[in-house]
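Chains as they are written, first to last, in this note's numbering: chain Y, 1 to 414; chain V, 1 to 281; chain C, 1 to 291.
None of these hints come from the bench; they were simulated from the model. All the pointers check out, no bait thrown in.
In silico DSS-like links for lysine-lysine, alpha-carbon gap of 25 angstroms or less:
#1 K60/Y to K81/Y
#2 K9/V to K183/C
#3 K183/C to K267/V
#4 K198/C to K104/C
#5 K399/Y to K221/Y
#6 K131/V to K81/Y
#7 K99/C to K194/V
Not everything, but these chain V residues come out facing chain Y in the computed CB check (under 8 angstroms):
#8 Q38
#9 V42
#10 S43
#11 S66
#12 I127
#13 Y130
#14 V216
#15 A229
#16 L232
#17 L234
#18 Q235
Note that the Cβ used here is the ideal one computed from N, Cα and C, for glycine as well.
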Amino acid sequence: MKKNWIVSLLTVFIVSIMLSACSNGEDKNTITFWTPLTGDDGAYMDQIVKSYNETNPEFKVKHVVTADMYTKISTVLNSGKGIPDLAIIHADRVPGYVKQGALEPIETAISGQPEIKEENYLPQAWSTGNIGGTQYTVPLDIHANTMYYNKDLLKKYSVESFLDDNVVTIDEMLSLQGKLDEGQYVVNDALLGWVILAQVQDLGGDIQENGKPAVDTPVMKQAFENVKKIADAGLMTPFGEDGYLMFQSGNVLFSTDGTWTSTAHAAVEGLNFGVTNIYSPTPDKFTNRASSHLFAMLGNEKRTNEKEAGIGAFLEYVRENSMEWAKAGQIVASKQVIENPEFQNYMQSFFTANQQEIDSLYIYTYEYYPYVAEAVDTYCADIVRGNVDLDETLKTMQKFVEDKIAESSKTTTN
Amino acid sequence: MSKKISISKYIAYLFLFVVCFIWVIPVLFGISTSFRSQTEVVSTGFRLLPVDWTLENYLTVLGNTSTAPILRWMVNSIYIAVFHTFLVIVVISMTGYGYSRMKFKGRDTLFFTLLGISFFPGVVNIIPSYKIIDLFGWVNTSWAMIIPGLAGMGNIFLVRQFLKGIPNELDESARVDGAGDFRIYYSIILPLIKPVLIVCALFSFVGSWNDFLWPVIVYTDVEKMPVTAGLLLLQDIYGNYRMIGQLVGSALLAIIPTLLLFVFAQKYFIQSINLNSGIKG
Amino acid sequence: MKKRSFAPVFFVGPHLILFLIFILIPTVYGIYASFTHWNLMNNPEWIGLSNYKTILFDETSTFYNQFFNGLKNTLIFVVISVPLLIVIPLLVAVALEHKQIKLKGTIQAIIYIPGLISISAAALIWLLIFNKQLGITGNVFHSQVAWAANQPYAWIIIFVISVWGGVGGNMIIYRASIAGVSKDLYESAEMDGAGSVKRFFSITLPSIRFPLIYTFVMTTAASFNVFGQPLMMTDGGPRQTTHVLMMYIRQLAFGHGESIAGMASAMAVLLGLVILVVSALQYYVMSRNSN
Numbered sequence: 001m002k003k004n005w006i007v008s009l010l011t012v013f014i015v016s017i018m019l020s021a022c023s024n025g026e027d028k029n030t031i032t033f034w035t036p037l038t039g040d041d042g043a044y045m046d047q048i049v050k051s052y053n054e055t056n057p058e059f060k061v062k063h064v065v066t067a068d069m070y071t072k073i074s075t076v077l078n079s080g081k082g083i084p085d086l087a088i089i090h091a092d093r094v095p096g097y098v099k100q101g102a103l104e105p106i107e108t109a110i111s112g113q114p115e116i117k118e119e120n121y122l123p124q125a126w127s128t129g130n131i132g133g134t135q136y137t138v139p140l141d142i143h144a145n146t147m148y149y150n151k152d153l154l155k156k157y158s159v160e161s162f163l164d165d166n167v168v169t170i171d172e173m174l175s176l177q178g179k180l181d182e183g184q185y186v187v188n189d190a191l192l193g194w195v196i197l198a199q200v201q202d203l204g205g206d207i208q209e210n211g212k213p214a215v216d217t218p219v220m221k222q223a224f225e226n227v228k229k230i231a232d233a234g235l236m237t238p239f240g241e242d243g244y245l246m247f248q249s250g251n252v253l254f255s256t257d258g259t260w261t262s263t264a265h266a267a268v269e270g271l272n273f274g275v276t277n278i279y280s281p282t283p284d285k286f287t288n289r290a291s292s293h294l295f296a297m298l299g300n301e302k303r304t305n306e307k308e309a310g311i312g313a314f315l316e317y318v319r320e321n322s323m324e325w326a327k328a329g330q331i332v333a334s335k336q337v338i339e340n341p342e343f344q345n346y347m348q349s350f351f352t353a354n355q356q357e358i359d360s361l362y363i364y365t366y367e368y369y370p371y372v373a374e375a376v377d378t379y380c381a382d383i384v385r386g387n388v389d390l391d392e393t394l395k396t397m398q399k400f401v402e403d404k405i406a407e408s409s410k411t412t413t414n
Numbered sequence: 001m002s003k004k005i006s007i008s009k010y011i012a013y014l015f016l017f018v019v020c021f022i023w024v025i026p027v028l029f030g031i032s033t034s035f036r037s038q039t040e041v042v043s044t045g046f047r048l049l050p051v052d053w054t055l056e057n058y059l060t061v062l063g064n065t066s067t068a069p070i071l072r073w074m075v076n077s078i079y080i081a082v083f084h085t086f087l088v089i090v091v092i093s094m095t096g097y098g099y100s101r102m103k104f105k106g107r108d109t110l111f112f113t114l115l116g117i118s119f120f121p122g123v124v125n126i127i128p129s130y131k132i133i134d135l136f137g138w139v140n141t142s143w144a145m146i147i148p149g150l151a152g153m154g155n156i157f158l159v160r161q162f163l164k165g166i167p168n169e170l171d172e173s174a175r176v177d178g179a180g181d182f183r184i185y186y187s188i189i190l191p192l193i194k195p196v197l198i199v200c201a202l203f204s205f206v207g208s209w210n211d212f213l214w215p216v217i218v219y220t221d222v223e224k225m226p227v228t229a230g231l232l233l234l235q236d237i238y239g240n241y242r243m244i245g246q247l248v249g250s251a252l253l254a255i256i257p258t259l260l261l262f263v264f265a266q267k268y269f270i271q272s273i274n275l276n277s278g279i280k281g
Numbered sequence: 001m002k003k004r005s006f007a008p009v010f011f012v013g014p015h016l017i018l019f020l021i022f023i024l025i026p027t028v029y030g031i032y033a034s035f036t037h038w039n040l041m042n043n044p045e046w047i048g049l050s051n052y053k054t055i056l057f058d059e060t061s062t063f064y065n066q067f068f069n070g071l072k073n074t075l076i077f078v079v080i081s082v083p084l085l086i087v088i089p090l091l092v093a094v095a096l097e098h099k100q101i102k103l104k105g106t107i108q109a110i111i112y113i114p115g116l117i118s119i120s121a122a123a124l125i126w127l128l129i130f131n132k133q134l135g136i137t138g139n140v141f142h143s144q145v146a147w148a149a150n151q152p153y154a155w156i157i158i159f160v161i162s163v164w165g166g167v168g169g170n171m172i173i174y175r176a177s178i179a180g181v182s183k184d185l186y187e188s189a190e191m192d193g194a195g196s197v198k199r200f201f202s203i204t205l206p207s208i209r210f211p212l213i214y215t216f217v218m219t220t221a222a223s224f225n226v227f228g229q230p231l232m233m234t235d236g237g238p239r240q241t242t243h244v245l246m247m248y249i250r251q252l253a254f255g256h257g258e259s260i261a262g263m264a265s266a267m268a269v270l271l272g273l274v275i276l277v278v279s280a281l282q283y284y285v286m287s288r289n290s291n
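Take these sequences, add in the hints, and give me the full structure.
Now the structure itself:
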């Protein structure tokens, strides 16, 4: 009896070895397409891919969603096998990947597609893929830091006027000091690091100077101090509490999260919300720190010219037919889509309503932006909450970025 | 004396009650969260039970059969975990026997060297590990999940420690009677270490079930993934949990098989060994 | 004689081959990487001891500060969590041995279940429980503290989730071990009038000393690798006081910017050495005392 059990287990075992050995051929007429689009985003992209495949193209697309895509990309690039034909990467990865020789120019793929050109996309989404005059990526979207507001609370405190000029200033927020009920707050601290990086732009600064990182600067200091004023006035959701959930609970006037969370907010019944720009220190300027999902080809010698042309055809299809992607809450990069009246049904069309809004979507393209962002994310909460000394911490952050750059630039490319 | 026993009984009961109470509350809270709508999850105030019970989280999770086929993932996980566990038991019982009962030169040195090496945290090791798996042609197959874990030292260490607590008399007398190593291993040692093997089986099963860093790297096909790696696909890339009830609900669905296995296995690992004199201290 | 020399190969050999391929080679590669500059994609470039010098001696370096802050926080976690992860399951196992206790299976299952729940879901549940507006601490106990952002509360919630999820494994090892202790020993001790405390120290503990050594060594080694709980519960805050070493290592290797995998490997090797020394000491001291 016991023996039989073991024998049958072994049989299944051997059979499955044989099965797994058989099913291993990748179809050479398939475009393997990796994305980091987990959650509902993956389902929307699946839908786009599915409808493309229904047009019976010469090269069908196989969409693979990966939870830890960048580690996986490092792994396959290192081993040289299993490299996908096409991938979606984030804007801040582009300069590093190009420097490391990980990307192939997208130009060969789109050479047969006259409509895939700068004029047909949001300009900053297109240009973020242009390094040294070579185009490496084609954009899918821009996803930005945005500020949701609770309509009922704005009404309750009679401050709907904040929204009049489309920019809520820090002074306007501070004017609510002492006027809120207990347990209610003006703004939360979601994506605080992104908010700080927007303030830097509003103040006319940058995170680099001649290619060197500029973190310990008067502008950065000013940016932190401005945001800290809101926290010091007791208007920001308390440190360590989930400001995102507090907004959904209806206790916070403004939430500084992302375009993509509109779908989650919409799932909360009775949450009457709208979207506007991230708060600014001045009524003259506003910035929404943004990133972009970009189609890119990782270095892979096995990819044929015909397949690259197939990739071009897919990208052209996406350019014309990515309204589906708007459902994910993202600002689609293709002008054909955002100029379609149907796009007005989506909340994020607020950011493409006029040139000023489009210009406010700011994508950092500095080569070492990821290190700067990491430094800001690591330290911003403690700075804004007054847990640490600002000057000293800015020095630490500057050193943090410089040390990382020093270590990374020692590595030579393949 | 009977009074003494009853006092210690009450102390034991009180202690177990307190521990169970603390341990079960989050689980119940998790279960009840999975039956709440997002609206209710974020509404202020604490309630252990939902006001409006909703099945929607589970319906959404189970209804998605294309991008997140959770039932399919669970079948994959069961397949992987069963084979992995079966092989683990074979390997660790033999190896544990070898390192504790056999006499060969440098046995303990070899054992502790291997154990020591296995203590080094494997962070960047995924790159060479992936290359090795690739060499065998196991990328995107369950072999990448079933085989490498067999090399682990933890369970072998446990079996060895357990065997050290069992006197040598039984196998020595069998050896004197002319029994070979395989006979001793199969008919004397295996029955003796059955409880610890069941514990190890449980650990291997759960370990293989809960691993998520490695499968994310080795799998590309959604329909081939094990469940814990698959569930990561439900989460948002920015770490923002959009739908709390769905996330908790899917995690609770995923533990049902391991929980059933535990309920089944716990009868066996607490069986006392009544083979002759059993284990003496 | 010849026959005997083949047998160890048969019993130990297969695992040895597996170990060589799946653990030794990757580990050696990881150690090699610690002497290099590497971004995971290129070929590692040999730089000798430079990474170690930076981490251990360059006091102005970010990596020096990360390593020592991370190591300090990891040690805090180990020193507090390991005793809890040994004592609580041991007490539970002993209490469950009591003859008159009912519902043993249910109690065992309740304590074991948390270890099965994925860390992300577990963290979500506990963060809701510790949430001031939505959870138990705020609404039932009227705690005004934001737990994740203030010490010592930030550590407390990390210990709570770690102990909650971590005691089940050791509990069943102890249960299986104690079940193997001969009942005769207890009965004769009872005849001699030994109380339950005495029986625990004079019979139970000595009988399970070898599995006990195992749980000590392995729980400690696992605790040094702690990563998920602080990442999910506090994200290292406040002021990086719960930022453990494994979080720094993973950020260096798999963070957003270009990978600094050589430095990460060097930190991992140093952590490995610490684990090695601590567990060897534990094993040595406990084995000597138990003989």
